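Asks: Single-letter residue listing:
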Amino acid sequence: MSSKAEILNRIKLNQPDLVADLPDLSLLGSEQFDVLETYKTVLKGIGGDPVEVADYNEIINYIKSNYNLEKRLITTLPELSEIASLDWKTVDPHSLQNVELTVIKAHFGVAENSGLWVTDDILGQRVAPFIAQYLAIVVHKKDILPTMQQAYNRINMEYGFGTFIAGPSKTADIEQSLVLGAHGARGLIVFLLD
Amino acid sequence: MSSEKIIPHSEAATKFNKDVERVNWHDETLWFVRAKRDKSAHQIADWELLRETASKIKNNVLSNIHDYLVEFEANAQRNGIIVHWAADAKEHNEIVHSIMAKHDVKQMVKSKSMLTEECHLNDYLAEKGIEVIDSDLGEYIVQLRKEPPSHIVLPAIHLKKEDVSETFHEHLGTEKGNFNPQYLTESARHSLRNTFLTRKVALTGVNFAVAETGEFVVCTNEGNADMGAHLADVHIACMGFEKLVPKREHLGVFLRLLARSATGQPITTFSSHFKKPRDGQEMHIVIVDNGRSKQLGREDFRNSLKCIRCGACMNTCPVYRRSGGHSYHNAVAGPIGSILAPNLDMSKNADLPFASTLCGSCTNVCPVKIDIHDQLYKWRQVLVKEGHTPTAKTVAMKTMATVLANPTVFNIAGKSGRFVMKNIPGMVNNKMNKWYDQREMPDVPEESFREWYKKNSRESKSKDNE
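Heads up: the sequence lines are chains A and B, in that order.
Start counting the first sequence at 432; every next residue gets the next number (our numbering).
Start counting the second sequence at 4; every next residue gets the next number (our numbering).
The set of hints was computed from the structure by calculation and includes no laboratory data.
Computed from a predicted model, the values in this text were never measured in an experiment.
A virtual CB, placed ideally from N, CA and C, is assigned to each residue, including glycine.
Mixed in with the good hints there might be a few duds.
Reference listing, derived: stretches of chain A covered by chain B, where coverage requires no fewer than 3 residues with Cβ under 8 Å from a Cβ of chain B [said to hold, decoys possible]:
{"hint": "1", "segment": "529-538"}
{"hint": "2", "segment": "555-566"}
{"hint": "3", "segment": "598-608"}
{"hint": "4", "segment": "611-622"}
Chain B is nowhere near these chain A residues, computed Cβ spacing over 10 Å in every case [said to hold, decoys possible]:
{"hint": "5", "residue": "Val450"}
{"hint": "6", "residue": "Asp480"}
{"hint": "7", "residue": "Tyr487"}
{"hint": "8", "residue": "Ser516"}
{"hint": "9", "residue": "Lys572"}
Pairs of lysine-lysine, DSS-like flavour, derived with a Cα cap of 27 Å [what the hints assert, rightly or not]:
{"hint": "10", "chain 1": "A", "residue 1": "Lys435", "chain 2": "B", "residue 2": "Lys93"}
{"hint": "11", "chain 1": "B", "residue 1": "Lys149", "chain 2": "B", "residue 2": "Lys131"}
{"hint": "12", "chain 1": "B", "residue 1": "Lys39", "chain 2": "A", "residue 2": "Lys443"}
{"hint": "13", "chain 1": "B", "residue 1": "Lys131", "chain 2": "A", "residue 2": "Lys435"}
{"hint": "14", "chain 1": "A", "residue 1": "Lys435", "chain 2": "B", "residue 2": "Lys297"}
{"hint": "15", "chain 1": "B", "residue 1": "Lys279", "chain 2": "A", "residue 2": "Lys435"}
{"hint": "16", "chain 1": "A", "residue 1": "Lys475", "chain 2": "B", "residue 2": "Lys93"}
{"hint": "17", "chain 1": "B", "residue 1": "Lys42", "chain 2": "B", "residue 2": "Lys372"}
{"hint": "18", "chain 1": "B", "residue 1": "Lys372", "chain 2": "A", "residue 2": "Lys443"}
{"hint": "19", "chain 1": "A", "residue 1": "Lys443", "chain 2": "B", "residue 2": "Lys59"}
{"hint": "20", "chain 1": "A", "residue 1": "Lys520", "chain 2": "B", "residue 2": "Lys203"}
{"hint": "21", "chain 1": "A", "residue 1": "Lys443", "chain 2": "B", "residue 2": "Lys93"}
{"hint": "22", "chain 1": "A", "residue 1": "Lys443", "chain 2": "B", "residue 2": "Lys309"}
{"hint": "23", "chain 1": "A", "residue 1": "Lys475", "chain 2": "B", "residue 2": "Lys39"}
Full structure from sequences and hints, please.
Replies: And the structure:
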């Protein structure tokens, strides 16, 4: 007998007879709070920086004054072509190792944990938000949802890979001292767009 | 570790407790993490409802696990993922090795996977000439030191920055005596970045697998699982079969609970959903049993399979905090590990269910409401019945049962006990008597409560008044 058949047989024999019903999830996520304010507070709490902007011009100006444009900046957003390259989506992912800043857009954000949902169709390449030294993500204010409950109701798009990104990469593995920039981005700017 | 002689928990804990300052630090550090968990949980009005919901979802999974596994496999295959089944640790290791061999690759980068610790994958692959580098910073540190992780979420929590500095100086050439965590982390970042860029095969664990969609979720703060997986030609994900959830929407419940319970963070930095391999990549899932189906059949202990590996039960446990993860000689330490380990090997792990005060704090913080302390208590009974407890303890317990069951014997035993403690204390206060370990005994009373009661009860007083 194959291991698969053997494992499944043993499970069938041993799993409890009493079938427990799945609970009602609609009872969850009804907490009331100021969604945008909560989002900003939580993001700051985990080391990210919220920046409210009216349009893409403000984003361009912010990046110009805060990052070295001589270094490699990449984006998936044509609106930012003035400051960042758009031509990297089909290159070998390893060649992105010298990227200073990746700028992408998120489908939506989640106020309770400041997570931003991105999938591979808007990532350019899966490794792009991880391999860059710094990361900036654009999200519309109207697309900030209160909790993960609403978030999963919103995820109906098809994807091969998707991730919630909440703050910069970090570790506290040395004596519980928080250090930003473990392997991924050292900093995360979230541009909250009107 | 499997071939080494196992030191019983109490003995290892005694050794751990010799360095008082370090034990106090260990205790306080973990309690600090527990306090962060409380603060985070109290901010969520729905917290208790979330725990209850998560528990119910997992109960449903346990009773339908056969069908969910079949559904998961079919959906994963439809997504282009290659699915393997491993009955035990040996088969798991062989499968992973066969994938490496097929691609003729000798190096692997691995993100945190307690399952591969449980299966001793690193040792197995090393014997086959394959180099594995653990990329989670904590795991990287303990791997360089040739130690197992001491905590499932905080693998190097038993170490101080001076220890890490020493290790990095030796292996990475960092400045001697530079203890700065920022500096040490940066050095590891540089070294591991090169690893990520050069490895063809990446192995990750799995936090959740979704039957409905065939995808799996990996949570990290460092981004190490993603750095490995998105740069490698081959991604292998290893999971115990209990990692299943029925539907994608259930992830919302578990992701709200996991990081808050673990470290007090609202969510891990990255919660990555892997559904299909990227173009040109090969993706494998290894579904592992290794005793889990047996545990599923133990009615009293099957709830332990609900565990989502947050580590909250360890951070809160007064015994874990003061004995350290290594004293549990099992991949998963602490209260939950002490329920899981005897299922894998009863005689090797018979000491673990006794490494608890049964205070119940573990049960109170568990995000999926596992009755951890009840199960520890139940394991003790199973272990005694099956003859896995030390003879001295069994004899002592039997003697105690006889004494307590017979009032005359109890009376005589009490009297002689008081006499001995008062007049020949050396007979009881010695190394043979475990009750005197780190304990000051109270002064011996002149009379027992029973004698006092006889004199002072209303009945005897009214008799006196007659």
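Asks: Hints first: check each against the structure and report whether it holds.
Replies: Right, here's what the structure says about each hint:
no.: 1; hint: 529-538; in the structure: violated (count 0)
no.: 2; hint: 555-566; in the structure: holds (count 5)
no.: 3; hint: 598-608; in the structure: holds (count 11)
no.: 4; hint: 611-622; in the structure: holds (count 5)
no.: 5; hint: Val450; in the structure: violated, 5 Å
no.: 6; hint: Asp480; in the structure: holds, 15 Å
no.: 7; hint: Tyr487; in the structure: holds, 26 Å
no.: 8; hint: Ser516; in the structure: holds, 19 Å
no.: 9; hint: Lys572; in the structure: holds, 19 Å
no.: 10; hint: Lys435(A) to Lys93(B); in the structure: holds, 15 Å
no.: 11; hint: Lys149(B) to Lys131(B); in the structure: holds, 18 Å
no.: 12; hint: Lys39(B) to Lys443(A); in the structure: violated, 40 Å
no.: 13; hint: Lys131(B) to Lys435(A); in the structure: holds, 25 Å
no.: 14; hint: Lys435(A) to Lys297(B); in the structure: holds, 15 Å
no.: 15; hint: Lys279(B) to Lys435(A); in the structure: holds, 22 Å
no.: 16; hint: Lys475(A) to Lys93(B); in the structure: violated, 46 Å
no.: 17; hint: Lys42(B) to Lys372(B); in the structure: holds, 19 Å
no.: 18; hint: Lys372(B) to Lys443(A); in the structure: holds, 24 Å
no.: 19; hint: Lys443(A) to Lys59(B); in the structure: holds, 20 Å
no.: 20; hint: Lys520(A) to Lys203(B); in the structure: holds, 20 Å
no.: 21; hint: Lys443(A) to Lys93(B); in the structure: holds, 23 Å
no.: 22; hint: Lys443(A) to Lys309(B); in the structure: holds, 17 Å
no.: 23; hint: Lys475(A) to Lys39(B); in the structure: holds, 17 Å
Checked against the numbered hints given earlier, the structure breaks hints 1, 5, 12 and 16 and satisfies all the rest.
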